[in-house]
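Colleague: Going down the list, the sequences are from chains A and B. Going by the working numbering, the first residue of the first sequence is number 1126, and it counts up by one from there. Going by the working numbering, the first residue of the second sequence is number 1126, and it counts up by one from there.
These aren't lab readings, by the way, just hints derived from the structure by calculation. You may find that some hints are simply not true.
Identical copies look the same in the list; a pair holds intra-copy or inter-copy alike.
[What the hints assert, rightly or not] With a straight-line cut-off of 25 Å between C-alpha atoms, the simulated SDA-like cross-links for lysine to any residue are:
id, residue 1, residue 2
1, 1190, 1215
2, 1281, 1362
3, 1281, 1189
4, 1281, 1364
5, 1351, 1144
6, 1134, 1210
7, 1192, 1210
8, 1307, 1129
9, 1222, 1367
10, 1193, 1357
11, 1222, 1353
12, 1281, 1343
13, 1190, 1202
14, 1190, 1176
15, 1143, 1180
16, 1351, 1328
Number of protein chains: 2
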Amino acid sequence: MSLTRNQIKELRSLNYRKAREERGVFLIEGIRMLREAAESDFTFVASYYTESVRDDPGWDALAAKLKKRAPLVPITAGDLDAFADTVAAQGVAAVLKHREIAPESVISNSAGRSLLVVLDTVSDPGNAGSMIRSSDWFGAAGVVLGRHSVDLYNPKVVRATMGSLFHLPVARDADLPVLLSKAAGAGYTIYVADVAGESHFDRVHYENKSLFVFGNEAWGVSDQVKELAQVRIGIRRYGAAESLNVGVACGVVLSAIHRLYDE
Amino acid sequence: MSLTRNQIKELRSLNYRKAREERGVFLIEGIRMLREAAESDFTFVASYYTESVRDDPGWDALAAKLKKRAPLVPITAGDLDAFADTVAAQGVAAVLKHREIAPESVISNSAGRSLLVVLDTVSDPGNAGSMIRSSDWFGAAGVVLGRHSVDLYNPKVVRATMGSLFHLPVARDADLPVLLSKAAGAGYTIYVADVAGESHFDRVHYENKSLFVFGNEAWGVSDQVKELAQVRIGIRRYGAAESLNVGVACGVVLSAIHRLYDE
Chain A
1126 MSLTRNQIKE
1136 LRSLNYRKAR
1146 EERGVFLIEG
1156 IRMLREAAES
1166 DFTFVASYYT
1176 ESVRDDPGWD
1186 ALAAKLKKRA
1196 PLVPITAGDL
1206 DAFADTVAAQ
1216 GVAAVLKHRE
1226 IAPESVISNS
1236 AGRSLLVVLD
1246 TVSDPGNAGS
1256 MIRSSDWFGA
1266 AGVVLGRHSV
1276 DLYNPKVVRA
1286 TMGSLFHLPV
1296 ARDADLPVLL
1306 SKAAGAGYTI
1316 YVADVAGESH
1326 FDRVHYENKS
1336 LFVFGNEAWG
1346 VSDQVKELAQ
1356 VRIGIRRYGA
1366 AESLNVGVAC
1376 GVVLSAIHRL
1386 YDE
Chain B
1126 MSLTRNQIKE
1136 LRSLNYRKAR
1146 EERGVFLIEG
1156 IRMLREAAES
1166 DFTFVASYYT
1176 ESVRDDPGWD
1186 ALAAKLKKRA
1196 PLVPITAGDL
1206 DAFADTVAAQ
1216 GVAAVLKHRE
1226 IAPESVISNS
1236 AGRSLLVVLD
1246 TVSDPGNAGS
1256 MIRSSDWFGA
1266 AGVVLGRHSV
1276 DLYNPKVVRA
1286 TMGSLFHLPV
1296 ARDADLPVLL
1306 SKAAGAGYTI
1316 YVADVAGESH
1326 FDRVHYENKS
1336 LFVFGNEAWG
1346 VSDQVKELAQ
1356 VRIGIRRYGA
1366 AESLNVGVAC
1376 GVVLSAIHRL
1386 YDE
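So here's chain A without its partners, still in its complex pose (with noise of 0.2 Å):
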């Protein structure tokens, strides 16, 4: 029932990039969580759980889930509280591989409608993971992180995708020029997000294949990636504040996109 020292301090250790890229895994908690990724193509290397867990209404179907996927090891709550990052960890946590996806293969080369959202250096982890989110909710096909945003194994940004993570494909450590010459040949057009921008986000004729780009808290979107895009997609203000946050913007964005076709 009790983890060794060494595993814990392993487990604990995943809290940290260097580590989770040495070993190419990261760790989720609670059984929302948990449940989301069993249902996700995801790579279980192993679940833990505690005597608490047993409560949940729910737990007997999702131990048995989890029980096909990897090795589901009862440990104790002190042990839990150890490694986990959050109170939040409800007595379960799981350790999964990496999902390596290459972020040129979110691009759809067929006629279709395809949303994508990109976020070139993202740096806050709530803001990366509402940003996965709300692009879930609006229907994107994928998610690209540019190479210089906040990982997106981080507990953080794993914790703020609420399991949209497991939704649909995220990809990281992209190449932003690369990948966005490759979406325009491939039929896209580049919007990006701009306080300067000049077509408010609610004028925008959105074309069928979109692909959105959203930039670090402080500097907006960088120069390079900027010179890329074909709209730069501005939010009317109507009081004082200087900004808005990027998650919100990229909600606010997305929101309008559905419009013209649903009306």
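Take the given structure of chain A and dock chain B to it, following the hints.
Modeller: The following block gives chain B in isolation, referenced to the frame of chain A:
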């Protein structure tokens, strides 16, 4: 140049609600926040700066303004680190008095346009802050935090407002059923954001006087408040996410209210 141990302890205690309430003050950090505060009607108790901030080109002008408000105290970088909540304090911090705004005071009695945003038990500081920021961006006349929301003067909330706390009236500790009844009496239409809301945010004709309520991250808007709503607003889902982040949902809904007037 050095603060006493007791002074540091007192400043550090402002990261806790209990200490803030007892003394009726809160802490702000960073050049930008101090600059915005200096333009506002908040009352300064003291400002602190370290040697490093003198390199900032705008410092002399800001320092002159701060001095007029309250004592401007030189401190060591070590002292600042010892009480500041972030590494991003950039060499400056200040203690301000709480600004207590009666929730009803944000209600307008005239017939002109007035947009109010209400947070019903929003618990994540980053969400609450970004909602105040979005409310400011989209021209709200005021924001009200319900009795069970995260504390407005939590340093993470203050920081996430990115200065918007200093741009518009933000009331807290409101008894929401009382507030909503008064607003309805003054001619406001009450809109509640709800995952199951039957009115798509994009199809609603928003009234001149509109009050929007956003709920808790996990449970949404409380039943008692929902009953007082005239319209339940939803955001159509196109993918598999279970919900949107509440800060994102707030931005999406507010982004739509100006459309009819702009056209």
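Colleague: Checking against the hints above, which ones are violated?
Modeller: Violated hints (numbers, rising): 3, 5, 8, 10, 11 and 15; every other hint is consistent with the structure.
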